[in-house]
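S.K.: Let's have the full structure, built from the sequences with the hints guiding it.
Protein chains: 4
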Amino acid sequence: MHQDSMNVPLPTPEEQAELNDMYAQMDQMHMKPLWNQIGNLMPEHPTPEAVPYKWDWSTLHKLAERSGELVPVGRGGERRAIGLANPGLHGETHVAPTLWAAIQYLAPGENAPEHRHSQNAFRFVIEGEGVWTVVNGDATPMRRGDFLLTPGWNFHGHHNIASEPMAWLDGLDIPFQYKMDTGFFEFGTEHLTDEATPETSRSERLWAHPGLRPLAFPGAKPSSPIGRYAWEHTDAALRDQLALEDAGFAGVVSPGHAAIRFSNPSTGGDVMQTIRAEFHRLRAGASTLPIHEVGNRVFQVFEGSATIVIDEKPFEINHGDVVVVPSWKKWHLEAGSEGADLFCFSDFPIFEKLNLFRSYSPEGI
Amino acid sequence: MHQDSMNVPLPTPEEQAELNDMYAQMDQMHMKPLWNQIGNLMPEHPTPEAVPYKWDWSTLHKLAERSGELVPVGRGGERRAIGLANPGLHGETHVAPTLWAAIQYLAPGENAPEHRHSQNAFRFVIEGEGVWTVVNGDATPMRRGDFLLTPGWNFHGHHNIASEPMAWLDGLDIPFQYKMDTGFFEFGTEHLTDEATPETSRSERLWAHPGLRPLAFPGAKPSSPIGRYAWEHTDAALRDQLALEDAGFAGVVSPGHAAIRFSNPSTGGDVMQTIRAEFHRLRAGASTLPIHEVGNRVFQVFEGSATIVIDEKPFEINHGDVVVVPSWKKWHLEAGSEGADLFCFSDFPIFEKLNLFRSYSPEGI
Amino acid sequence: MHQDSMNVPLPTPEEQAELNDMYAQMDQMHMKPLWNQIGNLMPEHPTPEAVPYKWDWSTLHKLAERSGELVPVGRGGERRAIGLANPGLHGETHVAPTLWAAIQYLAPGENAPEHRHSQNAFRFVIEGEGVWTVVNGDATPMRRGDFLLTPGWNFHGHHNIASEPMAWLDGLDIPFQYKMDTGFFEFGTEHLTDEATPETSRSERLWAHPGLRPLAFPGAKPSSPIGRYAWEHTDAALRDQLALEDAGFAGVVSPGHAAIRFSNPSTGGDVMQTIRAEFHRLRAGASTLPIHEVGNRVFQVFEGSATIVIDEKPFEINHGDVVVVPSWKKWHLEAGSEGADLFCFSDFPIFEKLNLFRSYSPEGI
Amino acid sequence: MHQDSMNVPLPTPEEQAELNDMYAQMDQMHMKPLWNQIGNLMPEHPTPEAVPYKWDWSTLHKLAERSGELVPVGRGGERRAIGLANPGLHGETHVAPTLWAAIQYLAPGENAPEHRHSQNAFRFVIEGEGVWTVVNGDATPMRRGDFLLTPGWNFHGHHNIASEPMAWLDGLDIPFQYKMDTGFFEFGTEHLTDEATPETSRSERLWAHPGLRPLAFPGAKPSSPIGRYAWEHTDAALRDQLALEDAGFAGVVSPGHAAIRFSNPSTGGDVMQTIRAEFHRLRAGASTLPIHEVGNRVFQVFEGSATIVIDEKPFEINHGDVVVVPSWKKWHLEAGSEGADLFCFSDFPIFEKLNLFRSYSPEGI
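From first to last, the protein sequence lines are chains A, B, C and D.
Quick note on UniProt numbering: the first sequence kicks off at 1 and runs consecutively.
Quick note on UniProt numbering: the second sequence kicks off at 1 and runs consecutively.
Quick note on UniProt numbering: the third sequence kicks off at 1 and runs consecutively.
Quick note on UniProt numbering: the fourth sequence kicks off at 1 and runs consecutively.
These are computed hints drawn from the structure, not numbers from a lab.
Treat the hints with care, since some could be wrong.
[Claimed, not checked] Think about it this way: if two alpha-carbon atoms lie no more than 20 Å apart in a straight line, the pair counts; the simulated SDA-like pairs of lysine to any residue are:
| # | chain 1 | residue 1 | chain 2 | residue 2 |
| --- | --- | --- | --- | --- |
| 1 | A | LYS353 | C | PHE217 |
| 2 | A | LYS353 | B | LYS353 |
| 3 | A | LYS313 | A | HIS332 |
| 4 | D | LYS179 | C | GLN37 |
| 5 | B | LYS313 | B | LYS353 |
| 6 | C | LYS221 | C | ARG116 |
| 7 | C | LYS313 | C | HIS292 |
| 8 | C | LYS353 | D | PHE184 |
| 9 | D | LYS353 | B | PRO218 |
| 10 | A | LYS313 | A | GLU334 |
| 11 | B | LYS221 | C | ALA220 |
| 12 | C | LYS330 | C | PHE315 |
| 13 | C | LYS62 | D | LYS179 |
| 14 | A | LYS179 | B | LYS353 |
| 15 | C | LYS221 | C | HIS292 |
| 16 | A | LYS353 | B | LYS179 |
| 17 | A | LYS62 | A | GLY128 |
| 18 | C | LYS353 | D | TRP153 |
| 19 | C | LYS353 | D | ASN20 |
| 20 | B | LYS179 | A | ILE38 |
| 21 | B | LYS62 | A | MET22 |
| 22 | D | LYS330 | D | ALA286 |
| 23 | D | LYS179 | C | GLY39 |
| 24 | A | LYS313 | A | LEU289 |
| 25 | A | LYS54 | A | LYS353 |
| 26 | C | LYS62 | C | GLU129 |
| 27 | D | LYS313 | D | TYR360 |
| 28 | D | LYS179 | C | GLU352 |
| 29 | B | LYS330 | B | PRO362 |
[Said to hold, decoys possible] Listed next, with one range per pair, are the computed distances between beta-carbon atoms:
| # | chain 1 | residue 1 | chain 2 | residue 2 | range |
| --- | --- | --- | --- | --- | --- |
| 30 | D | GLU363 | A | GLY285 | 44 to 54 Å |
| 31 | A | PRO108 | D | GLU352 | 52 to 62 Å |
| 32 | C | GLY137 | A | ALA284 | 25 to 35 Å |
| 33 | C | ALA243 | A | HIS191 | 21 to 31 Å |
| 34 | D | GLU352 | A | GLU44 | 57 to 67 Å |
| 35 | D | GLU352 | C | GLU312 | 35 to 45 Å |
| 36 | B | ALA196 | D | PRO198 | 56 to 66 Å |
| 37 | D | PRO198 | B | PHE217 | 30 to 40 Å |
| 38 | C | SER254 | A | HIS191 | 32 to 42 Å |
| 39 | C | ASN318 | A | GLY285 | 53 to 63 Å |
| 40 | C | GLU312 | D | PHE187 | 24 to 34 Å |
C-beta atoms are modelled at their ideal positions from N, C-alpha and C, and glycine is treated no differently.
M.R.: See below:
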């Protein structure tokens with residue numbers, strides 16, 4: 001920690017009065033001395049105000065359902081989305097200083113009207129089906145396990161054609177863009193331009209073929225052109241990694257721990273400029289090494305159960321539960337008796353691009 | 001602007017009670033509805049809380065002098081630096097949401113002890129000489145017009161060997177790293193490791209030869225390896241641009257407006273990952289086109305005078321005055337009768353790297 | 001064209017004798033004047049010695065079969081591969097100045113021993129199955145339509161476990177590396193290290209999931225980590241593009257012309273540093289626009305038939321036929337009555353990386 | 001080395017006749033077997049046909065002078081340039097497989113007319129002054145020690161306003177572009193568009209300020225925008241490195257060996273896409289470590305003398321002498337009793353961009 005004071009004798013009362021007078025003048029002129037605040041502004045390592053926290057899926061879902069009864073969805077409010085507010089962040093709806101996470105809920109027959117914004121967004125479907133997301137006129141099904149993108153400044157809306165309501169996880173970089181003053185927003189049509197319900201999106205038909213890219217669209221794109229990462233592919237990739245491990249070959253991250261990163265096929269990089277997304281599968285009993293990382297992670301349990309230990313505190317997490325790991329908090333995962341499938345998103349691309357990323361494993365690599 | 005409400009009838013008292021009950025439950029569970037806050041969180045264009053503001057050099061300098069009388073410099077407080085606090089930012093010492101600007105003051109014989117931090121820092125010398133900054137053991141003179149770098153995680157200190165005090169502008173990305181939870185800090189030696197006072201730094205002898213790089217240090221470096229951009233070179237580059245304009249050739253940014261960007265010779269990019277630095281010279285009577293830009297700019301007048309119009313409000317600026325242009329505020333410069341030399345720094349590299357930069361000139365290109 | 005001479009009177013006989021004497025002296029000192037050869041060395045546009053040429057599959061296959069009867073495969077000769085020698089290239093086995101194309105033939109039970117070389121290599125399987133290529137110990141099946149990689153400096157061998165011989169197209173950058181003096185070669189085991197015959201390679205299990213990359217292998221790789229691009233995916237991608245065209249959406253390169261580029265999923269770029277590979281599908285009657293391009297293309301017809309017009313000369317091409325388009329020769333394709341599927345490889349990445357690529361469409365874009 | 005034959009018994013006369021018949025058929029069909037040529041095509045390491053060779057400056061200069069008497073310079077021949085023809089390269093005017101080196105000679109009052117070509121070119125001035133190179137209308141002085149660029153597709157000419165003839169070294173990638181079929185050429189005006197003789201070029205006034213770039217020209221450029229790297233800067237950079245060495249600090253490549261790379265200030269990379277240029281200064285008695293490198297180097301001695309040992313053979317080199325080190329030939333330098341200043345250019349950027357570069361130091365790092 002920073003030392004609390006200069007290496008000098010305490011000021012006399014007269015000196016203190018003079019100091020007080022000077023500080024008052026500074027205050028009036030919108031100036032502030034560094035020497036009184038450096039320990040707070042420039043800590044020895046990240047000391048986030050955000051805290052580790054878990055939201056239970058049952059609570060989230062119940063309140064989402066309740067809002068479905070009480071609140072219509074439409075222009076103005078735009079989305080029936082309930083944001084997770086990190087208890088350390090003074091009531092702001094920020095799951096972490098840079099990230100937004102919310103449960104969005106759409107009842108049968110409802111439409112979430114079209115708009116676009118510079119904020120990057122994704123959806124992860126924890127359960128259910130029957131909603132189509134329409135991105136720039138491309139209708140994209142949403143089904144259990146799917147990961148969907150609506151990168152910044154693409155028009156998008158949602159409509160539910162099923163007989164059941166549907167709820168899913170929304171992730172955005174709203175807090176980052178809010179703090180950075182970079183946000184733009186534009187309304188689109190009030191009703192969706194396309195109510196088609198195809199089996200697959202056009203974006204997938206163009207871009208979701210392994211290692212193949214359409215010749216008509218060359219070059220690097222800032223965000224992934226794949227609108228939906230269908231669950232069947234994610235699941236197959238994870239199964240393959242574990243099968244390779246069983247056969248004695250490389251592939252898993254660590255013993256019993258398979259994982260993929262969702263990527264932009266035009267660059268091999270992250271799906272969006274500010275957000276990374278991954279999927280982790282741990283065999284029963286497997287665990288990960290404790291690690292400190294610059295940046296914030298949010299996990300949602302898809303299947304199975306696990307314990308995540310953050311800053312020495314264990315959180316039991318089950319289907320649908322959401323948990324946040326703030327920057328530099330040591331964490332590790334221990335899978336439960338049936339193993340665990342976890343979706344994860346983070347703000348790591350921001351820090352990697354700015355040369356600010358660091359990590360540290362107390363137990364070595 | 002966002003519409004204030006859903007396109008629906010107002011709730012009845014009974015409905016409102018149910019809503020209130022639901023909102024109270026959400027609050028207790030650390031959840032918040034998007035529909036009540038979207039207009040604030042996701043504005044149609046950036047609506048910064050930071051305001052355009054000017055700090056007078058005479059005030060800055062006078063208070064710096066006063067602090068030199070009352071406050072010792074040493075371990076703990078680390079630096080006698082007085083930060084500029086944007087009046088819109090709730091008393092935080094942030095000149096803009098991402099940037100720190102301060103006047104640092106060092107009396108004859110004083111030492112600012114060594115430390116290092118992940119925050120990127122520079123100094124711009126508005127006047128005076130006699131201080132040496134020591135970066136990783138490389139003593140670098142500070143003279144009028146010089147621009148000096150101490151990129152993240154390099155040990156650095158300052159010592160004043162002159163018979164006069166010296167004051168200069170410090171710029172850092174402290175607010176950005178504070179909000180992002182990326183900051184690391186480490187104390188170095190209490191007294192400088194090197195009290196040499198060479199005419200030029202070793203970093204300049206290696207890297208400040210135009211278009212030539214030392215063969216022994218190949219590859220791209222995250223920050224510029226040049227420790228000091230000496231005023232004589234900056235001045236010559238600006239004079240050359242105006243001479244080319246006089247001779248009818250390309251070079252200036254716009255009529256009567258010469259400008260250079262300080263760059264990393266190992267990449268051609270910005271000097272540091274989060275901070276851009278430029279120097280502008282306007283002939284008497286020259287002006288720039290009004291423009292909106294994503295990102296925050298801070299100007300300090302080096303010589304001459306100008307009017308900067310921000311959000312339709314004019315600020316008269318003279319030698320040493322510091323002015324901030326928050327994100328997306330329309331601004332332009334009009335040089336005074338003797339022209340104007342202005343140092344400028346900004347956070348634009350952050351937004352360019354994340355594909356969030358935009359600009360708009362109402363009067364065309 | 002360059003003018004044939006200086007704008008000066010012809011030399012007198014005495015002058016010519018002096019010139020001849022000087023040229024003789026130069027010759028002896030290993031010097032040569034530019035002025036006598038500039039028109040040849042620096043033409044107004046590329047004037048390749050390589051000529052457009054077609055090799056019939058029936059001839060290629062018949063001679064490959066014959067060599068299977070007469071020539072054993074083993075250490076020393078290494079591969080039973082018959083290279084295509086462009087008739088313009090003075091008997092060198094270069095299909096184009098930079099590229100090698102060959103038919104490789106392996107009889108039942110035969111092994112092509114392991115080796116590695118800096119030359120980048122691929123295989124395209126025009127027909128048949130039953131051979132496995134083993135790359136660094138990863139056994140990879142070869143089946144009709146598959147595209148396989150063995151990038152530079154990876155050990156590889158082949159073994160045929162089928163009851164039938166198998167022939168395929170080999171493509172390499174041998175001529176480029178030969179001319180550039182960059183080639184390295186190392187023998188591996190005489191017999192394959194792995195005689196496994198899995199349904200799919202390990203490289204595919206790790207990397208051939210659309211938009212998903214294994215977390216354990218981050219970063220950009222110089223060559224694609226996918227060992228086999230299975231035909232089922234290529235075919236599906238092309239079908240999808242044509243289906244999108246039928247539905248009125250973007251996707252095809254031009255009317256009736258679907259095409260994909262094989263890509264490196266860790267970068268989005270070409271599969272190997274020197275070689276680009278594509279697959280084109282033209283509907284019956286579809287054609288492409290005439291174009292000049294810097295670089296050399298080689299096509300092999302997979303299914304159907306087409307006419308390729310190169311430098312105004314038509315070549316009828318059918319299943320298995322190989323045709324080469326030298327640099328800057330104008331070419332276009334016209335599909336036959338049943339449409340055409342064509343594999344294509346080229347050296348374009350070399351020229352794009354060195355800023356030497358150009359193209360020109362006489363009929364506009 | 002490759003084994004000379006398959007591991008099989010020699011063919012019987014009957015078998016040989018059948019083989020001969022097959023080879024004849026192949027030949028007729030423009031096909032050739034790999035197994036008879038793989039040892040040549042794919043050697044264990046680069047085995048260049050180019051040989052190490054030295055050209056004496058006195059011979060070069062005398063023949064350049066003689067050509068000045070006998071051959072006019074003008075449209076058609078374009079340049080009075082005498083190319084160095086590596087004795088191993090079959091009479092081609094290639095100093096190395098990829099590179100052209102020539103002595104260009106211009107008498108007082110002469111003009112070399114304007115043209116442009118895709119080939120990248122530079123000039124290095126071994127001695128003299130009085131010629132201006134005009135690049136896209138920018139007149140650039142040529143003086144002893146200067147290094148000048150005319151990157152691909154920029155119009156350029158030369159004119160000599162001095163009372164003395166002048167000779168210099170031209171370097172281009174003519175052989176590379178000739179072999180690759182990438183060359184374009186266009187005539188410009190017969191007489192120079194600009195006969196100005198400024199002290200410095202406009203390109204230097206814009207770009208040759210250390211670490212400063214003109215704001216009006218953002219972004220990365222494929223070639224360096226600096227037209228002339230003036231000797232005074234090169235010399236100062238080398239002196240500074242040796243002074244740092246004397247003071248005990250890092251900077252030189254190895255003991256007594258200072259060196260700079262000429263670089264593109266908009267990227268930090270090489271001056272042109274295909275050519276690297278460096279300047280080396282060795283103290284008296286200093287030497288470099290033996291090394292093998294993929295790629296070709298050409299040295300010209302500027303001052304002093306040295307021995308360069310290539311493939312175990314020593315070459316004594318003095319002022320103006322040119323020597324070539326072909327790919328993968330082991331080489332090292334030993335400075336003479338007065339030290340040595342050497343200009344060096346190479347084709348290494350080609351191989352680095354294509355992931356084909358390798359080096360090996362038998363004596364360690």
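S.K.: Each hint should be assessed against the structure and marked as holding or not.
M.R.: Going down the list of hints, with the structure as the test:
1. For the hint pairing LYS353 of chain A with PHE217 of chain C, the CA-to-CA distance comes to about 19 Å; that is within 20 Å, so the pair holds.
2. Taken as a hint, the LYS353 of chain A and LYS353 of chain B pair is honoured in the structure, with Cα atoms around 7 Å apart against an allowance of 20 Å.
3. Proposed proximity of LYS313 of chain A and HIS332 of chain A is supported: the alpha carbons are some 10 Å apart, at most 20 Å.
4. Among the hinted pairs, LYS179 of chain D with GLN37 of chain C is consistent with the structure: their alpha-carbon atoms are about 15 Å apart, no more than 20 Å.
5. Taking the CA atoms of LYS313 of chain B and LYS353 of chain B, the gap is about 31 Å. The hint is violated against a cut of 20 Å.
6. With a CA separation close to 18 Å, the supplied pair LYS221 of chain C and ARG116 of chain C stays within the 20 Å bound.
7. Under the criterion of a C-alpha separation no larger than 20 Å, the hint pairing LYS313 of chain C with HIS292 of chain C is consistent with the structure, at around 14 Å.
8. For the hint pairing LYS353 of chain C with PHE184 of chain D, the CA-to-CA distance comes to about 17 Å; that is within 20 Å, so the pair holds.
9. Note on LYS353 of chain D and PRO218 of chain B: the hinted pairing holds, with a Cα-Cα distance of about 15 Å set against a maximum of 20 Å.
10. At most 20 Å may separate the alpha-carbon atoms for a hinted pair to count; LYS313 of chain A and GLU334 of chain A meet this at roughly 13 Å.
11. Note on LYS221 of chain B and ALA220 of chain C: the hinted pairing holds, with a Cα-Cα distance of about 18 Å set against a maximum of 20 Å.
12. A threshold of 20 Å between alpha carbons decides the hint, and for LYS330 of chain C with PHE315 of chain C the separation of about 13 Å falls inside it, so the pair holds.
13. Restraint check: the Cα-Cα separation between LYS62 of chain C and LYS179 of chain D comes to about 33 Å, which exceeds 20 Å; the hinted pair is violated.
14. Restraint check for LYS179 of chain A and LYS353 of chain B: the C-alpha separation of about 17 Å stays at or below 20 Å, so the hint holds.
15. Proximity of LYS221 of chain C to HIS292 of chain C is assessed by CA-CA distance (about 31 Å); at most 20 Å being required, the pair is judged violated.
16. A threshold of 20 Å between alpha carbons decides the hint, and for LYS353 of chain A with LYS179 of chain B the separation of about 17 Å falls inside it, so the pair holds.
17. Restraint check for LYS62 of chain A and GLY128 of chain A: the C-alpha separation of about 15 Å stays at or below 20 Å, so the hint holds.
18. Restraint check for LYS353 of chain C and TRP153 of chain D: satisfied, since their Cα atoms lie roughly 17 Å apart, inside the 20 Å limit.
19. For the given pair, LYS353 of chain C sits about 43 Å from ASN20 of chain D by alpha-carbon distance, which is inconsistent with the 20 Å threshold.
20. Note on LYS179 of chain B and ILE38 of chain A: the hinted pairing holds, with a Cα-Cα distance of about 14 Å set against a maximum of 20 Å.
21. Note on LYS62 of chain B and MET22 of chain A: the hinted pairing holds, with a Cα-Cα distance of about 11 Å set against a maximum of 20 Å.
22. Proposed proximity of LYS330 of chain D and ALA286 of chain D is supported: the alpha carbons are some 18 Å apart, at most 20 Å.
23. Proposed proximity of LYS179 of chain D and GLY39 of chain C is supported: the alpha carbons are some 15 Å apart, at most 20 Å.
24. For a cut-off of 20 Å, the pair hint linking LYS313 of chain A to LEU289 of chain A stands: about 15 Å separates their Cα positions.
25. A hinted pair counts as satisfied when its Cα atoms are at most 20 Å apart, and LYS54 of chain A with LYS353 of chain A does not qualify at roughly 29 Å.
26. Distance hint between LYS62 of chain C and GLU129 of chain C is fulfilled; the C-alpha atoms sit about 18 Å from each other, no more than 20 Å.
27. Between the alpha carbons of LYS313 of chain D and TYR360 of chain D the distance comes to roughly 19 Å, so the proposed pair stays at or under 20 Å and holds.
28. Of the pairs offered as hints, the one joining LYS179 of chain D and GLU352 of chain C holds, with about 16 Å between alpha carbons and a cut-off of 20 Å not exceeded.
29. Taking the CA atoms of LYS330 of chain B and PRO362 of chain B, the gap is about 9 Å. The hint holds against a cut of 20 Å.
30. Remark: the range hint 44 to 54 Å for GLU363 of chain D to GLY285 of chain A is upheld by a beta-carbon distance near 52 Å.
31. Between PRO108 of chain A and GLU352 of chain D the beta carbon distance is about 60 Å. The supplied range of 52 to 62 Å therefore holds.
32. At about 30 Å, the beta-carbon gap between GLY137 of chain C and ALA284 of chain A stays in the expected band of 25 to 35 Å.
33. At about 27 Å, the beta-carbon gap between ALA243 of chain C and HIS191 of chain A stays in the expected band of 21 to 31 Å.
34. Here the CB-CB span from GLU352 of chain D to GLU44 of chain A is close to 40 Å, at odds with the stated 57 to 67 Å.
35. A hinted range of 35 to 45 Å holds for the C-beta pair GLU352 of chain D and GLU312 of chain C, which are about 40 Å apart.
36. For the pair ALA196 of chain B and PRO198 of chain D, the beta carbons lie near 40 Å from each other, so the given range of 56 to 66 Å is not met.
37. Between PRO198 of chain D and PHE217 of chain B the beta carbon distance is about 33 Å. The supplied range of 30 to 40 Å therefore holds.
38. Checked against the hint of 32 to 42 Å, the pair SER254 of chain C and HIS191 of chain A passes, with Cβ atoms roughly 35 Å apart.
39. The beta-carbon spacing between ASN318 of chain C and GLY285 of chain A, approximately 59 Å, falls within the hinted interval of 53 to 63 Å.
40. Range check, GLU312 of chain C to PHE187 of chain D: about 27 Å between beta-carbon atoms, so the 24 to 34 Å window is met.
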